[in-house]
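S.K.: Got chain A sorted already, so can you dock chains B and C with the ligands onto it with the hints?
Chains as they are written, first to last, in numbering that gives the first Met the number 0: chain A, 0 to 288; chain B, 0 to 352; chain C, 0 to 265.
It is worth saying that the hints were derived from the structure and are not from the lab. Note that CB positions come from ideal geometry on N, CA and C, so glycine has one too. Any given hint could be a false lead.
Unchecked claim - From the derived model, a few chain C residues whose C-beta atoms are all more than 10 Å from chain B:
1. R11
2. S40
3. L52
4. E56
5. V77
6. A103
7. L104
8. R105
9. L107
10. L128
11. D168
12. C173
13. A175
14. V184
15. L248
16. M253
Stated by the list, open to error - SDA-like cross-link-like pairs, simulated, lysine to any residue; straight-line CA separation at most 25 Å:
17. K101/C x M28/A
18. K101/C x R16/A
19. K108/B x P177/C
20. K168/B x E196/B
21. K114/B x R183/C
22. K181/C x M28/A
23. K336/B x P281/B
24. K181/C x Y151/B
25. K181/C x N74/B
26. K336/B x R294/B
27. K164/C x Y14/B
28. K120/B x A109/B
29. K120/B x I166/C
30. K101/C x I78/A
31. K164/C x L186/C
32. K164/C x A94/C
33. K120/B x G137/B
34. K101/C x W114/A
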Amino acid sequence: MTTMTLTREAAVRAPRRMAGFWPTSPALMLLTVFFVAPVLGLLLRSVLEPQPGLQNYVEVFGSTTYLRVFVNTFVVATIVTVVTLMLAFPVAWFLAVAPRRWASLLFAVILLSMWTNLLTRTYAWMVLLQRTGIINKTLMGWGLIASPLPLINNLTGVTVGMTYIMLPFMVLPLQSTIRSLDPATFRAASLCGANRLQVFTRVFLPLAVPGIGAGVLMVFVMSLGYFVTPALLGGTSNMMLAELIAQLVQSLLNWGLAGAAALILLVVSLGIYAVQFRFFGFKAAGEVE
Amino acid sequence: MTRPFLSIRNIEKTYGRVVAVQDVSLDIAQGEFVTFLGPSGSGKSTTLYAIAGFLQPTRGDVLLGGKSLLSVPSNKRNIGMVFQRYTLFPHLSVADNVAFPLRVRRQPKAEIDAKVAAMLKLVRLETMADRMPAQMSGGQQQRVALARALAYDPPILLMDEPLSALDKKLREEIQIEIKRIHNETGVTILYVTHDQEEALRLSDRIALFNAGRIEQLGTGHDLYEKPASRFVAGFIGNSNFLHGKLSRSDRSITLPDGTAIQGVALDKVGPGQGDVSIMIRPDHFRLHNGEAAPRLVGTVTDTTYLGEYTQLTVLTAWGGALSVRLPPDDRASPVEKGQSIALTCAPLDVRAF
Amino acid sequence: MLLDFNRLGGLRVALSAIAFLVGAFLLLPIVVIVLLSFGSSRYLQFPPPAWTLRWYEELFDNPDWLASFATSFEIAVVVAVAATLLGLMASFGLARGRFPGKEALRALFLTPMVMPVVVLAVALYAFFLRLQLNGTFVGFVIAHTIIALPFAIISISNALEGFDKSIEDAAVLCGASPLEAKLRVTLPAIRSGLFGAAIFSFLASWDEVVVAIFMASPDLQTLPVRIFSTLQQDLSPVIAAVSSILVALTVLLMAVAAIFRRGKPA
Ligand SMILES: Nc1ncnc2c1ncn2[C@@H]1O[C@H](COP(=O)(O)OP(=O)(O)O)[C@@H](O)[C@H]1O
Ligand SMILES: [Mg+2]
Numbered sequence: 000m001t002t003m004t005l006t007r008e009a010a011v012r013a014p015r016r017m018a019g020f021w022p023t024s025p026a027l028m029l030l031t032v033f034f035v036a037p038v039l040g041l042l043l044r045s046v047l048e049p050q051p052g053l054q055n056y057v058e059v060f061g062s063t064t065y066l067r068v069f070v071n072t073f074v075v076a077t078i079v080t081v082v083t084l085m086l087a088f089p090v091a092w093f094l095a096v097a098p099r100r101w102a103s104l105l106f107a108v109i110l111l112s113m114w115t116n117l118l119t120r121t122y123a124w125m126v127l128l129q130r131t132g133i134i135n136k137t138l139m140g141w142g143l144i145a146s147p148l149p150l151i152n153n154l155t156g157v158t159v160g161m162t163y164i165m166l167p168f169m170v171l172p173l174q175s176t177i178r179s180l181d182p183a184t185f186r187a188a189s190l191c192g193a194n195r196l197q198v199f200t201r202v203f204l205p206l207a208v209p210g211i212g213a214g215v216l217m218v219f220v221m222s223l224g225y226f227v228t229p230a231l232l233g234g235t236s237n238m239m240l241a242e243l244i245a246q247l248v249q250s251l252l253n254w255g256l257a258g259a260a261a262l263i264l265l266v267v268s269l270g271i272y273a274v275q276f277r278f279f280g281f282k283a284a285g286e287v288e
Numbered sequence: 000m001t002r003p004f005l006s007i008r009n010i011e012k013t014y015g016r017v018v019a020v021q022d023v024s025l026d027i028a029q030g031e032f033v034t035f036l037g038p039s040g041s042g043k044s045t046t047l048y049a050i051a052g053f054l055q056p057t058r059g060d061v062l063l064g065g066k067s068l069l070s071v072p073s074n075k076r077n078i079g080m081v082f083q084r085y086t087l088f089p090h091l092s093v094a095d096n097v098a099f100p101l102r103v104r105r106q107p108k109a110e111i112d113a114k115v116a117a118m119l120k121l122v123r124l125e126t127m128a129d130r131m132p133a134q135m136s137g138g139q140q141q142r143v144a145l146a147r148a149l150a151y152d153p154p155i156l157l158m159d160e161p162l163s164a165l166d167k168k169l170r171e172e173i174q175i176e177i178k179r180i181h182n183e184t185g186v187t188i189l190y191v192t193h194d195q196e197e198a199l200r201l202s203d204r205i206a207l208f209n210a211g212r213i214e215q216l217g218t219g220h221d222l223y224e225k226p227a228s229r230f231v232a233g234f235i236g237n238s239n240f241l242h243g244k245l246s247r248s249d250r251s252i253t254l255p256d257g258t259a260i261q262g263v264a265l266d267k268v269g270p271g272q273g274d275v276s277i278m279i280r281p282d283h284f285r286l287h288n289g290e291a292a293p294r295l296v297g298t299v300t301d302t303t304y305l306g307e308y309t310q311l312t313v314l315t316a317w318g319g320a321l322s323v324r325l326p327p328d329d330r331a332s333p334v335e336k337g338q339s340i341a342l343t344c345a346p347l348d349v350r351a352f
Numbered sequence: 000m001l002l003d004f005n006r007l008g009g010l011r012v013a014l015s016a017i018a019f020l021v022g023a024f025l026l027l028p029i030v031v032i033v034l035l036s037f038g039s040s041r042y043l044q045f046p047p048p049a050w051t052l053r054w055y056e057e058l059f060d061n062p063d064w065l066a067s068f069a070t071s072f073e074i075a076v077v078v079a080v081a082a083t084l085l086g087l088m089a090s091f092g093l094a095r096g097r098f099p100g101k102e103a104l105r106a107l108f109l110t111p112m113v114m115p116v117v118v119l120a121v122a123l124y125a126f127f128l129r130l131q132l133n134g135t136f137v138g139f140v141i142a143h144t145i146i147a148l149p150f151a152i153i154s155i156s157n158a159l160e161g162f163d164k165s166i167e168d169a170a171v172l173c174g175a176s177p178l179e180a181k182l183r184v185t186l187p188a189i190r191s192g193l194f195g196a197a198i199f200s201f202l203a204s205w206d207e208v209v210v211a212i213f214m215a216s217p218d219l220q221t222l223p224v225r226i227f228s229t230l231q232q233d234l235s236p237v238i239a240a241v242s243s244i245l246v247a248l249t250v251l252l253m254a255v256a257a258i259f260r261r262g263k264p265a
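Just chain A, with the same shape it has in the complex:
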């Protein structure tokens, strides 16, 4: 009897350490072979090509050309994040408090723009912003400007196009945070004697910080590594990091340098997400909708 119990125990115990692991194995295998291995391979090339050593990093950090790309990447990402936040906050506030009908209408517009093909949106801005585009034509037609403004292939173009794309990613976390706030807190604050501005700065903003944080970090990181929109709306003089990596691989075939640039981009991006993970938890870091 005792031996029987023991055998059964052993049989039940052994696989328990990895209980429920096996269903994840197909996805794990796919990612190991086609994600982890290739990315590690690319990063390794940064210290192995053309010969083993750190010369790629010396070059990336030493040359003013590459330094300009880094600076430009951060500048663009920062501007886009700030502009997006400025626009998104009032919109999110509106969405959270406005009459249902108006809020859902605006919400539908946001979703439509978010779900519309990325290239379609970028193409639209190329058409609108070009020298002979609608915006320049309209402004000239109204007599506000004499000659077309340079709106494309420069910082303006990138900022407009990227802000357009990033807006939903800022609005959605913000509005869900604002929606979850309890009006009673605000009433309590004003009963305590706080005026409108004080309620805003001392209660509303601090309570909205998780949403602002989630949105700002997501938009900033996405902007850092963005490729398509800067490539089509930006100019050669303000190249961003992702374009540089693509160019190093496609035109210059310099895999070592590309690997080094990729590592830098990866470390910064995932580093920022790791910070977010620490402060706001997993949910905020993984949120898409």
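M.R.: Coordinates of chains B and C with the ligands only, in the frame set by chain A:
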């Protein structure tokens, strides 16, 4: 007792250092209604889950009709169960929920239809066959769950706090239904609750759980009148706990004010003497009528008239508060606040631990 | 009061105005493109001098565009199925499993969503050069499945975590084998999560540009790749026509999703 139908033998379940259940043994006869009663975390669900096969006990065995169940997977145990949470299949109608166990058993359609109709009749939900679970109240959902669990005529029905999410009135209504269904079907029921009133109302026998063990097993009457431990006495019904000194020589207990009680039930006290804890139920007190011993004197500090009885709070000479319930015939001369009062009780109703 | 629209006072006007302007900003490009796709001007003059279906005819007469539509669609369908299946299994492991390193594994599964796509694109491009998978259907499916998997896992995990496991236990006690209980009870109960996973995965692949730009060959170009390479030459109105069709599909999809959501029991 005849040969036990369901036999739980020395079940133990540990999670790392945590001992959820230790050395639980229990024999249940066919058709019996046994309730596991006890505070939350005392191991009731764990024991039930071991019977259902959702967890493998660390030690011990479960026998049904003399055969061990442990190597039988849950889906082959043929046991019915109603859970604490609502577990109706959300995408299936009421009828399809009840039919589910019959469909997985590949029974013929006609038989299934007949059985579903019979089961819905049993739980009095004939008119709701086509409802979806989301369209029903909690009480209705649990009745459907009951019908589903009984549809395949399981020899045993397990119920894990099935009514705890319902409000009191609905709970009492469904308790009556469960009692009726138990009588009609004759199924053996193992019922878990932390509500003593529910346990007393439903069960043939109650197993009172505490910290992973069965503290006492018996009828509701046994548990109330002859609690095996201080824990049982405190958990079932209301009780007054007093300190006393036991003297073995004359088998008496002396209260702090010097009142001596002779002939107390001492079967639960160890061999020594000295400090003991004694328990007297509030309804075991009577007004002292001049002859009987013991005689306990105190001051009434509060009285509440409750129709069937009067609830008094009596302050004893040593400063303890007693809860006392006087029946109608002792109310002839109304007791008033501030009045001094003499109480007595039958020594056999006084229990020492 | 700051959360009560009717008591915002002057702020109400300001908020409404900004909301209106941002709404217009978001809607304007899409509307303009749809209008231009019916305009007669090759140079995308606005308002169009006349209306025409010429660009749609050009589009449908060009086998390359049609082939790209078909390619994108086929890849996206296979990716939707693959990512949903892998995501379903992975989600079960993540939601129900108790094994060391589970949270690290969850983070790994979600990494492709948060890391810069260009890094993944370049890395896979190099890897596929060796395996000669660039420009192949299989290569696209693998790359897009990796990108789609996090979306599938999030959608299914959310549904699975909202599903009470006791319901599955009840099915097992009713006599269903563990697999049968999952197929007949758990999957139907989380079907909206599965549906979401399939839609998100489909869209992740259908809209994917960056990896596709690196992997595409002249023979196998997804729709975004063809748009991208055309855009680098000129702003042909044919792209406006393609874009309008894509917008129409988006609207259709949103409508279907809205109906699906409404039809779902609360
Ligand atoms: N999976 C588990 N891991 C660790 N401890 C558990 C687990 N399940 C139950 N326990 C512990 O076992 C004890 C008994 O739990 P349970 O049987 O659910 O109590 P009851 O049903 O009487 O409220 C509790 O202390 C609980 O914390
Ligand atoms: Mg329990």
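S.K.: Next step is simple, just say for each hint if it's right about the structure.
M.R.: Verification of the supplied hints:
| no. | hint | result |
| --- | --- | --- |
| 1 | R11 | holds (38 Å) |
| 2 | S40 | holds (54 Å) |
| 3 | L52 | holds (46 Å) |
| 4 | E56 | holds (47 Å) |
| 5 | V77 | holds (28 Å) |
| 6 | A103 | holds (22 Å) |
| 7 | L104 | holds (22 Å) |
| 8 | R105 | holds (23 Å) |
| 9 | L107 | holds (27 Å) |
| 10 | L128 | holds (48 Å) |
| 11 | D168 | violated (6 Å) |
| 12 | C173 | violated (4 Å) |
| 13 | A175 | violated (5 Å) |
| 14 | V184 | violated (5 Å) |
| 15 | L248 | holds (29 Å) |
| 16 | M253 | holds (25 Å) |
| 17 | K101/C x M28/A | holds (15 Å) |
| 18 | K101/C x R16/A | holds (12 Å) |
| 19 | K108/B x P177/C | holds (23 Å) |
| 20 | K168/B x E196/B | holds (13 Å) |
| 21 | K114/B x R183/C | holds (21 Å) |
| 22 | K181/C x M28/A | holds (24 Å) |
| 23 | K336/B x P281/B | holds (18 Å) |
| 24 | K181/C x Y151/B | holds (20 Å) |
| 25 | K181/C x N74/B | holds (13 Å) |
| 26 | K336/B x R294/B | holds (20 Å) |
| 27 | K164/C x Y14/B | holds (20 Å) |
| 28 | K120/B x A109/B | holds (17 Å) |
| 29 | K120/B x I166/C | holds (23 Å) |
| 30 | K101/C x I78/A | violated (38 Å) |
| 31 | K164/C x L186/C | holds (12 Å) |
| 32 | K164/C x A94/C | holds (10 Å) |
| 33 | K120/B x G137/B | holds (18 Å) |
| 34 | K101/C x W114/A | violated (32 Å) |
The structure does not agree with the numbered hints 11, 12, 13, 14, 30 and 34 stated previously, though it agrees with the rest.
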